[in-house]
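Asks: The lines below spell out each chain.
Number of protein chains: 2
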Amino acid sequence: MNTGDQALLTDLYQLTMLQAYADEGMDGQAVFELFVRSLPSGRSFMLLAGIEQAVDYLAQLRFAPAELAWLRSAGRLRADVVDRLAAFRFTGNVDAMREGSVFFANEPVLRVEAPIMQAQFVESRLINLVNYATLVASKAARCRLAAPDRLLVDFGLRRAHGAEAGLLGARAAWLGGFDGTATVLAGQRFGIPLYGTMAHAYIEAHEREIDAFARFAASQPEMLTLLIDTYDTEAGAHRVVELAPALAARGIRIGALRLDSGDLLAHARRVRRILDAGGLSAVRLFASGNLDEWRIAALLAAGAPLDGFGVGTHLSTSADAPFLDMVYKLQAYDGRPRRKRSEGKATWPGAKQVWRTHAGDGSLAGDLVALRDEAAPGSAASALLHPVMRGGQRVAPAEPLAALRAHAAAELARLPAALRRLDDAATVQHYPVHISPALQRLAAELDRAAH
Amino acid sequence: MNTGDQALLTDLYQLTMLQAYADEGMDGQAVFELFVRSLPSGRSFMLLAGIEQAVDYLAQLRFAPAELAWLRSAGRLRADVVDRLAAFRFTGNVDAMREGSVFFANEPVLRVEAPIMQAQFVESRLINLVNYATLVASKAARCRLAAPDRLLVDFGLRRAHGAEAGLLGARAAWLGGFDGTATVLAGQRFGIPLYGTMAHAYIEAHEREIDAFARFAASQPEMLTLLIDTYDTEAGAHRVVELAPALAARGIRIGALRLDSGDLLAHARRVRRILDAGGLSAVRLFASGNLDEWRIAALLAAGAPLDGFGVGTHLSTSADAPFLDMVYKLQAYDGRPRRKRSEGKATWPGAKQVWRTHAGDGSLAGDLVALRDEAAPGSAASALLHPVMRGGQRVAPAEPLAALRAHAAAELARLPAALRRLDDAATVQHYPVHISPALQRLAAELDRAAH
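If you read the sequences in order, they're chains A and B. Just so you know, we're using this note's numbering here: the first sequence kicks off at 1 and counts up by one. Just so you know, we're using this note's numbering here: the second sequence kicks off at 452 and counts up by one.
The hints are simulated quantities; they were obtained by calculation from the structure and are not laboratory data. These figures come from a predicted structure and were not determined experimentally. A couple of the hints might just be wrong.
[Claimed, not checked] Stretch-level coverage of chain A by chain B, calculated; a stretch enters the list once three of its residues show a Cβ under 8 Å from a Cβ in chain B:
(1) 69 to 79
(2) 88 to 95
(3) 120 to 131
(4) 150 to 159
(5) 212 to 218
(6) 335 to 344
Even glycine gets a Cβ: it sits at the ideal position worked out from N, Cα and C.
Pulled out of the complex, with its shape left as it was, chain A reads as follows (with noise of 0.2 Å):
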């Protein structure tokens, strides 16, 4: 099912508004920046992932020939705004940061600026993409924290949310530092590494779990991974050491046992102990089963001599964290900037840039969220948001992922060591992000003009 292209996949008020700002023949600059209010609880950082589908996204907006018939027969917009629809683009500007950058509450981390009907109606899927694929970016970033070392694979397709999310979430994750994934269309779009395994049904499948190892061996005898719990782990392993000297024979070598369920530090303990007695220490062990950044930290904190993760679930979801309080808000329109006061709600008007701050070993020391127009704060501080689309067009060709995964990485190296740790929600650190001094007057100036 085709359904991430489509210009109808976005919130109904999005279409009446826009009606109502060509009945009133509005059509100033207005400037909406896409941020996150607060961090979920338990994070005391983002990383930032979608901007490249976001581009994507207003790069090709247009209304298809059925959908605007269908619009139409709907009854819910007038004949003559839908036929304006039918020419209906995105011409704007666009700043972001880049994707991989680490980021904080009320920073705002892309900026539109185009006439109010275009950057309006693109609100609810830059929220859909962009809310996401920074989730799961953000949790396979910690989970990399968890593991600097080790093996970690994307398993999180089958509990994604949909196609979408299988596909954007491997992306994500990879970005954030995973080593690959298992699923095959985000190794053809993305050019993401892949891996697998075998599943339980292919062990029971056959009258022995031994000749289950042995076929798959002789079929794919390149990155082989036996799962060894579908029965007995131990047993499991007991038969992989019968059967390695007869692979061997034929040139297979067994390069990974995984394990699935149990106690997996205690299996990974007596496992390799049968390995290492076999003569098969560099047979390396891969766990997976209801893993996340918190169960990989413990278990390698016991001393788990487990080589590699596959984490599935609890990334493909961020189940602990599964939405962001992520919006997109009118900063300015025509030229003079908009502040929200809802209770809770309220924003920080005009249109702004985030400068950073790094210590003299690289760490990140502060960020401060000024007016756009103001100067910079200093030789040492960095602006974190570029140009990426000049009169909807975009103003380089899309990076690589691999480079934004670098960058990811990079990131991540320089986090402030009290960001690095897993907090729990009660003693999560904050970053110190400050609020330029003409912002905070312009805010008040607003407050006080209003009606």
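We have chain A; now place chain B onto it with these hints.
Replies: The following block gives chain B in isolation, referenced to the frame of chain A:
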């Protein structure tokens, strides 16, 4: 981006196992069943959804030429296996519960019987589709139980995990009892009623809130809902009262006001009084903003004068339970029952049927999971699994979504009172699901015969 229809939207191991089965000449009939091992914390039942999409997937499954070309170039499968994939189709039988049915842990909701290469291959996408749709339908059902007679609208697109989640979430929400959705594409694809209001940005783009109200009303005189919390909720309500006579003079009736921030109970009471005093008792109040079944229940229990609710993020991500322990397991191969015995993950073997008994008042009295070939446990019991595909073809055209929605409503009406409560995890009620003696004997036999 087209994702859901692609054969490559699967886990790598499905392809490598397929190669191994092909190498071994294993083409016996396999029986796989899709079920939930245990319900999420805080859930006493689940409402099934996503079967229609699962059947669509099976019916259209094939590798496109571009996918085959990529597989050849990727080198993970041998060329002769890739060549065979060109003719790969699903030719098997599928039985499933009807969408909208209530189900419980360990009950197969869908059974696939097909040559093992086919039956195995489809695992990843079947879980991906049914897991998510069922989560949202179940969450929607809980919202409906919390608010039996209020308007409930899905606002979940923007925080759903990608495009397909937005679309299929809207479908599942309507199936589960919602009145409609804001997601336009769901209106086009599934005929779901669409609802929409206006965004804060629309208000802010105007110099005065009352001008925004007046102009939106002129542009959208039907089903008019005004958002009143952009600056000050009660002041917004007063502006509506001020504006109403001029609108009425032009034949425009204000349908509802939306509250989206702050203490919704206190605001709703104050706004209701302002409207009633202003002669607008027919104007309804609609609330949104971080709502879920618990907050709705609390608002209604406190007597909040709210006529409807927009439920977004918590619905479309099933935020308190963002995944099910849903699995797809081999239960028989080549006529012989199979049993996975992994610690904590053992399965009930064999092809099965689920029988349900109703009490005299029509409410659900208890379920029995039995072997498919066992006789019905009594004339009062109904079989829940029905044929949906035979030989890879649909047995009947897809049922209209409205009929499935009516079935879901009837199912909720048949829930025992204890299961209709929004129990928390500690007090959740367990419905009796019995395992037939013959099935228990079979499992014990397989364990005894295990080598």
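Asks: Each hint needs a verdict: does it hold in this structure or not?
Replies: Now for the hints, and whether the structure bears them out:
1. 69 to 79: Since 3 is at least three, the answer is holds.
2. 88 to 95: violated (count 0)
3. 120 to 131: holds (count 8)
4. 150 to 159: holds (count 4)
5. 212 to 218: Result for this restraint: holds, n = 3.
6. 335 to 344: Since 7 is at least three, the answer is holds.
Hint compliance for this structure: hint 2 alone is broken.
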